[in-house]
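Protein chains: 2
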Amino acid sequence: MQATKHGEQGHLQAIREALGEGRLKRVGKLLHRTHPAKVAGLLEALPPNERRAVWSMVDTERAGRVLTFLHEEICAALAQELDPDDLAASVQYLELDDLVDLIQVLPGEIGARLLAATGGRRRQQLETLLSYPEDSAGGLMNADPIEVRPDVRVGTVMRYLRLLDELPPQTDMLMVVGRDGCYQGGLRLSTLVTADTDERVSDLMQVEVAGIPVDMPAAEVAQLFDDLDLLSAPVVDADLHLVGRITVDDVVDRIREDADRSVMQMAGLNQDADTFGPILAGSRSRAVWLGINLVTALLAAAVISRFEATLQQLVALAVLMPIVASMGGIAGSQTLTLVIRGLALGQIQKGNMRLLFTREMGISVINGLLWAIVIGLLVFAWFDSAMLGGIIGAAILVNLLCAAAAGLTIPLLLHRLGIDPALAGGVILTTVTDVMGFFAFLGLATLWLS
Amino acid sequence: MQATKHGEQGHLQAIREALGEGRLKRVGKLLHRTHPAKVAGLLEALPPNERRAVWSMVDTERAGRVLTFLHEEICAALAQELDPDDLAASVQYLELDDLVDLIQVLPGEIGARLLAATGGRRRQQLETLLSYPEDSAGGLMNADPIEVRPDVRVGTVMRYLRLLDELPPQTDMLMVVGRDGCYQGGLRLSTLVTADTDERVSDLMQVEVAGIPVDMPAAEVAQLFDDLDLLSAPVVDADLHLVGRITVDDVVDRIREDADRSVMQMAGLNQDADTFGPILAGSRSRAVWLGINLVTALLAAAVISRFEATLQQLVALAVLMPIVASMGGIAGSQTLTLVIRGLALGQIQKGNMRLLFTREMGISVINGLLWAIVIGLLVFAWFDSAMLGGIIGAAILVNLLCAAAAGLTIPLLLHRLGIDPALAGGVILTTVTDVMGFFAFLGLATLWLS
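Top to bottom, those sequences are chains A and B. Going by UniProt numbering, the residue at position 46 of the first sequence is 46; the numbering climbs one at a time, nothing skipped. Going by UniProt numbering, the residue at position 208 of the second sequence is 208; the numbering climbs one at a time, nothing skipped.
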């Protein structure tokens with residue numbers, strides 16, 4: 001690992017040095033020796049102006065591949081740097097599904113121009129693929145399956161394949177299609193090469209791999225690939241006609257992007273944001289999240305302000321109140337995370353909802369009591385006041401119970417409303433635990449002191 | 001999607017109903033019709049005692065496959081429910097890499113017994129695979145590559161393959177190995193089937209897919225598969241001898257697990273925890289995280305307590321101080337998330353560290369000034385006090401700058417220390433922003449008021 005990482009860093013360093021010294025030829029040479037995925041990585045790690053300089057040195061015929069490895073924002077920016085004709089030339093050997101993704105990222109008129117520059121059958125296929133939603137099986141698929149008939153023999157199939165120059169990338173399976181155009185099964189290449197030449201395709205084909213409906217959500221396609229260890233799978237329309245093929249590399253990309261997106265979203269960041277992009281753009285997108293947080297913080301402040309008289313009477317309350325809010329926030333986010341994951345994995349269903357509630361509330365009772373006692377005793381020792389210890393203990397217990405209830409209901413509610421719980425769940429939860437924490441603690445103190 | 005989800009839920013419901021009615025035969029029948037991955041999903045969604053009942057109805061010959069789809073904790077528990085001989089029987093057709101993973105999850109003596117029950121060449125291969133660290137290429141690989149010599153012709157290869165009953169699952173490529181045992185290249189099945197029978201393997205083989213060193217970290221293997229769109233890849237030892245083969249399905253599992261782990265860890269949860277496990281075990285693991293958080297909350301409380309006199313003088317400070325801490329926490333976690341991701345993707349390297357610092361500090365100056373003014377004005381309007389507005393504005397600016405600095409340095413420091421920044425980064429950051437937020441706000445107020 002060390003070697004590779006150093007090698008990579010050295011590579012980046014070498015390119016930057018060559019760039020700094022104006023040795024553009026050397027930059028071009030270094031780039032030419034680098035895999036498109038790595039070139040994309042290098043570009044993303046450069047500040048915008050150096051990035052533009054390096055980008056201009058990438059060979060036109062490799063630029064298209066590089067674009068497919070970039071995050072959206074950077075991809076769109078760099079594609080627009082290219083001369084339209086060069087852009088069209090650079091993408092002409094891309095796989096169709098990659099080209100579709102690229103067009104969807106680009107501003108409308110540039111995408112349209114790319115489409116127009118594509119000719120014949122490829123153009124037609126491209127238009128069909130573009131018509132499917134990005135987040136569906138149709139949006140993931142390629143239009144390149146190799147079809148064979150069920151009633152032919154292995155020898156015939158082999159002769160047919162030898163007529164082809166090469167098979168599409170990631171071909172592990174031929175699609176068996178009847179004369180009516182309906183998908184019947186898959187013939188694995190690994191089965192084909194071990195079969196006798198006079199065996200019939202219909203006897204060899206795998207029927208377990210059912211056709212994936214073209215409108216199946218991408219997340220479900222990913223789950224299917226994972227569960228069945230698929231390398232590729234057929235996609236069918238409503239009439240079970242074969243319309244395309246999904247390959248595992250696109251599914252892997254999707255899984256990585258989804259994981260990445262949820263981590264970024266939890267911090268209110270845009271997944272496709274450029275780590276080294278312009279400062280002003282970066283500030284703007286983050287300011288929104290800070291603004292949302294301000295509203296919830298003001299809500300908590302408003303709750304506290306209701307108890308100014310109590311705080312005036314006993315200023316130690318101000319010292320301790322953040323503890324109540326923070327313990328609730330942590331406990332709630334544990335429940336929230338577990339529920340969000342359970343929903344994503346399909347573990348949580350109608351039949352076991354009650355069990356989940358019992359378990360989470362049970363855990364929060366135990367942890368609530370435990371930490372109520374610990375914190376109560378600590379505060380008693382610190383402030384030498386049994387009353388203050390009692391108040392904070394009670395408030396901790398109340399807030400941990402509320403936190404568990406909120407951690408359970410918020411994601412289930414958001415899920416039912418069709419909102420991604422990973423996006424909004426955290427903010428709503430913290431609002432609840434802050435408000436409840438301050439309210440319970442200061443409210444109990446007010447009752448006790450009056 | 002709806003159809004499948006309902007179907008699945010209905011399935012679970014049907015199994016639970018049959019179980020409730022004591023119709024065990026029907027349970028067995030329903031299970032037999034379900035893919036092992038789905039059976040695993042069903043088991044994870046059941047409470048422990050129903051789970052045990054359903055598990056006892058799974059056919060022995062399918063139980064091994066089901067185990068490979070379960071999360072660790074549940075997998076270990078259910079494997080131990082089986083009679084040792086049944087367990088040994090259930091795993092005898094598992095792929096070796098799956099069996100390795102299983103043995104690593106099981107308690108020592110059960111794993112040892114499984115190993116002892118494996119015979120001959122399989123046992124030998126198993127022992128070799130078990131000797132590699134789980135998180136390395138060796139831990140991901142299988143010992144089943146099909147080898148061919150570089151100097152033979154396609155026709156010979158085809159005849160050799162036809163002698164084999166079937167190829168190992170997920171075979172898309174034969175490994176070309178010289179007489180010295182060294183890996184030379186890969187021969188894709190898709191190339192083989194389109195080639196003429198008298199072409200030579202050495203002319204057809206792909207040499208771009210280099211052998212993966214057996215000690216390459218799993219994360220790097222995943223990156224490699226992703227970048228090069230690999231379906232399988234050869235693994236070689238230090239002498240470049242072919243020792244095994246990694247297939248993409250295991251890489252996908254690894255990517256999913258890693259993503260899952262980082263989300264769970266951020267909430268202080270154990271990735272392999274059972275969503276429906278016993279309450280006490282669940283409470284214990286979460287209590288640790290709450291305890292760590294308590295220490296940081298007490299630290300913040302200690303800071304506040306230094307300013308009790310000031311709070312006594314102006315109780316409005318208690319109302320407003322959580323706002324300062326919370327805005328800092330959000331801003332800091334944005335920087336933190338971006339840096340953690342940049343490190344994971346390899347975007348952040350020595351050469352661009354300064355650029356990253358400039359950008360993040362720039363963003364925090366802009367957002368710091370923006371929100372200092374907004375919140376200052378709000379507080380001025382709310383409390384009719386220009387002084388209070390000025391104090392909170394200044395504190396917000398200071399805390400957002402500290403937050404950015406902490407969000408930058410904490411992950412870089414943890415990364416250098418070899419600690420996963422995703423695990424500990426969040427807690428440390430919040431401690432910094434809480435402490436700094438309270439200190440800056442109350443400290444400034446003390447200066448102003450005195």
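Certain hints may be false.
For identical chains, the list gives no copy identity; a pair is met inside one copy or between any two copies.
[Claimed, not checked] Simulated crosslink set (SDA-like; lysine to any residue; CA at most 25 Å straight-line):
#, residue 1, residue 2
1, Lys25, Ala89
2, Lys38, Arg254
3, Lys350, Arg122
4, Lys38, Arg256
5, Lys350, Leu369
6, Lys25, Ala112
7, Lys25, Ala344
8, Lys350, Gly390
9, Lys25, Asp85
10, Lys25, Thr118
Read the hints as simulated data drawn from the structure, not as lab findings.
Against the structure, the hints:
In this assembly of identical chains, the alpha carbons of Lys25 and Ala89 lie at most 25 Å apart only when taken from the same copy (22 Å versus 63 Å across copies). Both within a single protomer and between protomers do Lys38 and Arg254 lie at most 25 Å apart by alpha-carbon distance, with minima of 19 Å and 21 Å respectively. Within a single copy, Lys350 and Arg122 get their C-alpha atoms no closer than 46 Å, and across copies no closer than 44 Å, so neither meets the 25 Å cut-off. Both within a single protomer and between protomers do Lys38 and Arg256 lie at most 25 Å apart by alpha-carbon distance, with minima of 17 Å and 22 Å respectively.
For the identical chains of this complex, Lys350 and Leu369 are neighbours neither inside a copy (30 Å) nor across copies (48 Å), given an alpha-carbon limit of 25 Å. For the identical chains of this complex, Lys25 and Ala112 are neighbours neither inside a copy (34 Å) nor across copies (60 Å), given an alpha-carbon limit of 25 Å. For a Cα distance limit of 25 Å, the shortest separation of Lys25 from Ala344 qualifies neither inside one copy, at 50 Å, nor across copies, at 31 Å. In this assembly of identical chains, the alpha carbons of Lys350 and Gly390 never lie at most 25 Å apart, being 39 Å within a copy and 53 Å across copies at closest.
In this assembly of identical chains, Lys25 and Asp85 lie within 25 Å of each other by CA distance solely inside one copy; the values are 23 Å within and 67 Å between copies. With identical chains, the CA atoms of Lys25 and Thr118 are never at most 25 Å apart, being 31 Å at best within one copy and 59 Å at best between copies.
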